[in-house]
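There are 2 protein chains.
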Amino acid sequence: MPLSFSPQKTRLGWIGTGVMGASMCGHLIEAGYSTTVFSRTRAKAEPLLARGAKWADTPRQVAEQADVVFSIVGFPADVREVILGDAGALAGCASGAVLVDMTTSQPSLAVEIAEAAAAKNVVSLDAPVSGGDVGAKNGTLSIMIGGDQKAVESLAPLWEILGSTWVCQGPAGAGQHTKMVNQTLIGGNMVGVCEALLYAHRSGLDLENVMKSVSTGAAGSWSLTNLGPRIIAGNFDPGFFVEHFIKDMGIALEEARRMQLKLPGLELAEQLYQKLAADGHGRKGTHALMLALAEMSDIEWK
Amino acid sequence: MPLSFSPQKTRLGWIGTGVMGASMCGHLIEAGYSTTVFSRTRAKAEPLLARGAKWADTPRQVAEQADVVFSIVGFPADVREVILGDAGALAGCASGAVLVDMTTSQPSLAVEIAEAAAAKNVVSLDAPVSGGDVGAKNGTLSIMIGGDQKAVESLAPLWEILGSTWVCQGPAGAGQHTKMVNQTLIGGNMVGVCEALLYAHRSGLDLENVMKSVSTGAAGSWSLTNLGPRIIAGNFDPGFFVEHFIKDMGIALEEARRMQLKLPGLELAEQLYQKLAADGHGRKGTHALMLALAEMSDIEWK
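Those sequence lines, one after another, are chains A and B. 236 is the number that this note's numbering gives to position 236 of the first sequence; each next residue is one higher, with no gaps. 260 is the number that this note's numbering gives to position 260 of the second sequence; each next residue is one higher, with no gaps.
If you are wondering where the hints come from, they were derived from the structure by calculation, not from laboratory data. Among the hints, erroneous ones may be present.
Note: identical chains are not told apart, hence a pair may lie in one copy or across any two.
[As the list claims (entries may be wrong)] Below are the EDC-like pairs computed for lysine to aspartate or glutamate, each with C-alpha atoms no more than 16 Å apart in a straight line:
no.	residue 1	residue 2
1	K247	D78
2	K302	E208
3	K275	E295
4	K302	E254
Take the sequences, apply the hints, and build the full model.
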């Protein structure tokens, strides 16, 4: 470290080819990088294999053939397994390799992985993203990175391919903490957006007309502009799944408790989303929060 | 009605020359309209008088000399007094006059005023604004209007002077309801913004760096972009006073109860702001919410 990166010299590994991972890995393949992939469900990796990626049967085997190994999986337990498990990536890493976990996961786990990696002379970075499936597809993600700054900077050519914003936020775990900041912002705002539109509906206003008055001023937000029209149309297809957002908020609240930090707004948001999931809406988009709020007031949303 | 508007023909009245009202009335004077003003504190009207406005001793006397009378005062009780009181504007209105209340006030009071006005063949519109002191100064307010649509449209030349967005949202009270939607959006979002930045601080992140990662994506909002840097700098000077925001949220919650609508996020925001005011911060800006949240976790914000 630092490696000198180029499609000619650098071998990449990719673990986890869900909606986000498949798009992101695809950009690296497109840029000419030789890439080895593993995914729990091989079928999801097939389009990448068809574009020239090599398959490996375990995360460990991915790492054995790569200088930089990315992972983006589901829950912290999955991160632990694919990186620290017996067949995990760290076991296959050569000295000098780099692990980059892009899953939204626990800051404390990121620190634990970084320490285990350092013991093998491997660098580990936590690098969760925001921007969702669209950002992954268009390479416009915001990448929030924790870990050694020089290592982060040496990976610049790769960050540039995956996202439009990448910032080293501090040591191991800082990327995850920054993502928690991001999700706390979204949680508070989504409660406001849904309650406000519910108020508008109940008071008999024309919601599209209301948007003209409130969306561009001090009440404006990305969520209102982008998700407001979907809420009004009753379209709750996922951009970002309710159940993943609940996971993220759970991590943030757990960290907050550890830091003796009281976040009543985030606690409320998490409770409302738990109710939403309990009502069977876990696989809808986060803006489906409207359904939980409407139900609390016995309102049937369209 | 509808009147044909022009600086040559139309006489205006203005009641309430606080920070917002003084700027707004100033634009109308500048546009050439003959304007009569009243304010509880005459000193605040002096700059307008120096620019050619006439003084009247009561709202009623303002209305006796005007075709269109604007008001923007403090609380609903003030609105009631300056419009419906013995020395109020309605008592001085000639048949065919128009009353425009731009105070953020109760939708039900707007309806009551409109009914009392109609009985005298006077048109009343509720037209609260968002955009704050800066929007008032620059003529870039968003004006949310309730009342007869034709009357609203006939006042187009005046709305254009005062704001950059004006929308008729429905019958009397609809302007106030729309403003409540606006404030509900801001309340939820401000809780999210302050909790997120508090989390960032507690977890040891560099807040300005964090802003680079979170302010332009799905977590982005007007409040984060515009008030986040002030929060980080510990500058809690008011754009918009805490105590006025509490008034607005109180109206929204009162209306919500009347409509049997449960808004837990707005209730929480209102409680947090009440705590902030109880701690002596009522005359700070709304982003001072950070001080209440920080105190709950025994954190001293800079």
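Results for each hint:
For the identical chains of this complex, K247 and D78 are intra-copy neighbours only, at 13 Å inside a copy versus 48 Å across copies, given an alpha-carbon limit of 16 Å. In the homo-oligomer, the alpha carbons of K302 and E208 lie at most 16 Å apart inside one protomer (15 Å), although the nearest pairing across protomers, at 41 Å, exceeds that limit. Taking identical chains as interchangeable, the C-alpha atoms of K275 and E295 lie at most 16 Å apart only when both belong to the same chain, with a minimum of 10 Å there against 29 Å between chains. In the homo-oligomer, the alpha carbons of K302 and E254 never lie at most 16 Å apart, since the shortest distance is 35 Å inside one protomer and 25 Å across protomers.
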